[in-house]
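A.B. asks: Here is how the chains run, residue by residue.
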Amino acid sequence: MSPREQYVAFMTILRKEIRRYTRIWTQTLLPSAITMSLYFVIFGSLIGSRIGDMGGFTYMQFVVPGLIMMAIVTNSYSNVVSSFFGSKFNHSVEELLVSPTPNYVILMGYVIGGVTRGLLVAVIVTIVSLFFTHLQIHSWFVVVAIVLMTSILFALAGFINAVFANNFDDISIVPTFVLTPLIYLGGVFYSMDLLPDFWAGVSKLNPLVYVVNAFRYGVLGVSDVSLPFAFGMISLFTLAAFFYSMHLLNSGKRLRQ
Amino acid sequence: MIPALTIENLSKSYDNGFQALKGISLSVQQGDFFALLGPNGAGKSTTIGIICSLVSKSGGKVVVHGVDIDEDFPAAKKFIGIVPQEFNFNVFEKVEDIVINQAGYYGLPADIARERTEKYLKELGLWDKRDVASRMLSGGMKRRLMIARALVHEPRLLILDEPTAGVDIEMRRSMWDFLRKINAAGTTIILTTHYLEEAEALCRNIAIINHGNIVENSSVRDLVRRLHREVFILDCVDELPESFSVDGFVTRRMDEHCLEVEVEKGQHINDVFAQLDRAGVQVSSMRNRANRLEEMFVNLVEGAA
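Each protein sequence line maps, in turn, to chains A and B.
Note that the UniProt record's numbering gives residue 132 to position 132 of the first sequence, counting from 1, and the numbers run on in steps of one.
Note that the UniProt record's numbering gives residue 223 to position 223 of the second sequence, counting from 1, and the numbers run on in steps of one.
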């Protein structure tokens with residue numbers, strides 16, 4: 001395929017993905033807005049006012065970056081896992097597999113589809129958060145870079161999950177039993193300073209700690225971890241997930257007989 | 001002229017050790033209407049799956065319009081349109097979107113994609129349903145949707161895996177007419193089917209596959225010529241006596257007006273008419289029993305078993 005044809009194929013997959021999640025917006029976009037509003041009300045306003053400052057900011061200001069990142073992670077991941085597994089389940093993935101579309105274009109189409117949903121939800125959640133607190137961006141570069149890298153990483157992770165999934169239970173196991181605990185223990189609601197040394201050390205094994213803290217640095221200018229190290233770790237995970245996804249597509253594992 | 005499809009020594013073994021294809025070879029010429037027949041599990045769908053990349057081959061070679069799939073599969077895929085046996089589209093998507101998206105996967109610009117989608121949906125009688133979610137279509141419409149989708153990039157080789165399975169007679173006939181039309185326009189067609197009548201009505205050449213081997217590969221005409229016997233059904237004007245028979249021929253009185261006669265190789269149907277004439281039986285019409293190929297198919301498949 002010529003580069004122009006590949007671009008057409010990529011845009012076709014991307015448009016299809018965007019159309020899919022906007023068509024079912026009550027299942028894809030609205031829940032995050034409602035859930036995050038509840039977080040803002042309960043943890044930010046009601047409980048947060050009794051907690052006091054954290055990391056030099058009001059509790060509401062402190063949790064907002066983590067909650068936005070939580071929305072990005074879960075939406076990027078779940079968009080790709082549900083869409084790609086759905087196409088495997090109803091065999092419509094064969095439409096792509098029989099076509100000359102290169103595998104990396106297929107992967108990019110699904111991943112960028114997930115990224116757009118992650119970004120859209122991030123915008124919605126950020127707008128909702130502005131009803132509760134005042135947000136000032138410390139570093140636009142860090143914010144944009146970390147949002148893009150994180151959404152790409154978790155969209156790729158969703159793709160890998162979808163390739164291995166055999167049924168709809170398999171696509172909810174990872175988000176429920178792995179992703180959610182990692183997010184909650186990733187410093188969304190608390191600073192690492194509050195943890196005993198041992199648990200602070202254990203937390204550094206959690207990749208979500210780097211994602212949440214790097215984003216918090218971009219917004220508030222504070223972080224519990226080193227920013228270059230956080231970027232390095234996220235880049236490493238993203239590259240590993242990309243090459244593994246490509247390997248799955250090229251080998252046809254669980255996609256071709 | 002380069003063949004539309006050449007398969008050499010193609011084999012496929014699954015992880016559980018089952019050998020679906022045992023080194024088959026065949027060639028389909030450009031413009032041909034080719035039938036691939038075989039009982040369930042014979043290897044037809046595996047062969048088709050390998051040609052269109054849904055199944056990985058274990059060995060052998062597949063060349064589509066001169067392009068070896070091992071050397072440049074994307075280029076080979078551009079020549080192929082595939083209509084699978086099972087419905088494989090997103091049932092929540094609209095009919096028009098399904099076809100337009102497929103055009104996009106082949107890199108067709110939006111204006112051409114829309115133009116061809118309209119053309120094929122109209123030709124297949126689905127244009128009025130273009131805004132309907134595909135799950136709302138009837139079985140026959142879903143099959144036609146898959147044909148429109150397979151044709152949108154205007155492939156030179158169209159492969160249909162049991163395209164008329166579960167389709168009513170009227171729809172099947174109109175599908176046949178459509179396939180004849182695109183074949184006449186130059187598209188090579190490979191068809192797998194269980195309806196031998198379909199293969200006989202549509203195809204010029206035929207391969208019969210069984211247990212992963214090609215057991216017959218010839219023209220439909222040659223195959224029919226090699227039939228040892230043919231069965232005719234005669235509709236008679238007057239009521240036939242209970243014990244009516246024709247000397248030298250195996251006959252069966254189907255009902256009071258209908259007689260089935262088997263004509264072996266070397267016998268002449270004229271002799272039947274001569275005897276009927278002498279007995280004062282007038283024949284109003286005669287038809288060939290449609291399953292002539294079926295008999296040969298069963299013989300070949302049983303012989304290879």
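Honestly, the hints are just simulated from the structure, not real lab data.
Where hints are given, some of them may not hold.
[As the list claims (entries may be wrong)] Some chain B residues well away from chain A (every beta-carbon gap over 12 Å; in silico):
id, residue
1, 3
2, 6
3, 22
4, 93
5, 113
6, 134
[To be verified] When the alpha-carbon atoms are kept at most 16 Å apart in a straight line, the in silico EDC-like pairs for lysine to aspartate or glutamate are as follows:
id, chain 1, residue 1, chain 2, residue 2
7, B, 94, A, 95
8, B, 122, B, 97
9, B, 142, A, 169
Bear in mind that the values here come from a model prediction, so they are computed numbers and not experimental data.
We put the beta carbon where it would ideally sit given N, CA and C, even for glycine.
A.B. asks: Each of the hints needs a verdict: does it hold here or not?
C.D. replies: These are the hints, each one checked on the structure:
no., hint, verdict
1, 3, "holds, 21 Å"
2, 6, "holds, 19 Å"
3, 22, "holds, 17 Å"
4, 93, "violated, 8 Å"
5, 113, "violated, 8 Å"
6, 134, "violated, 10 Å"
7, B:94 / A:95, "holds, 15 Å"
8, B:122 / B:97, "holds, 15 Å"
9, B:142 / A:169, "violated, 29 Å"
Figure legend: structure checked against the earlier numbered hints; hints not met, in rising order: 4, 5, 6, 9.
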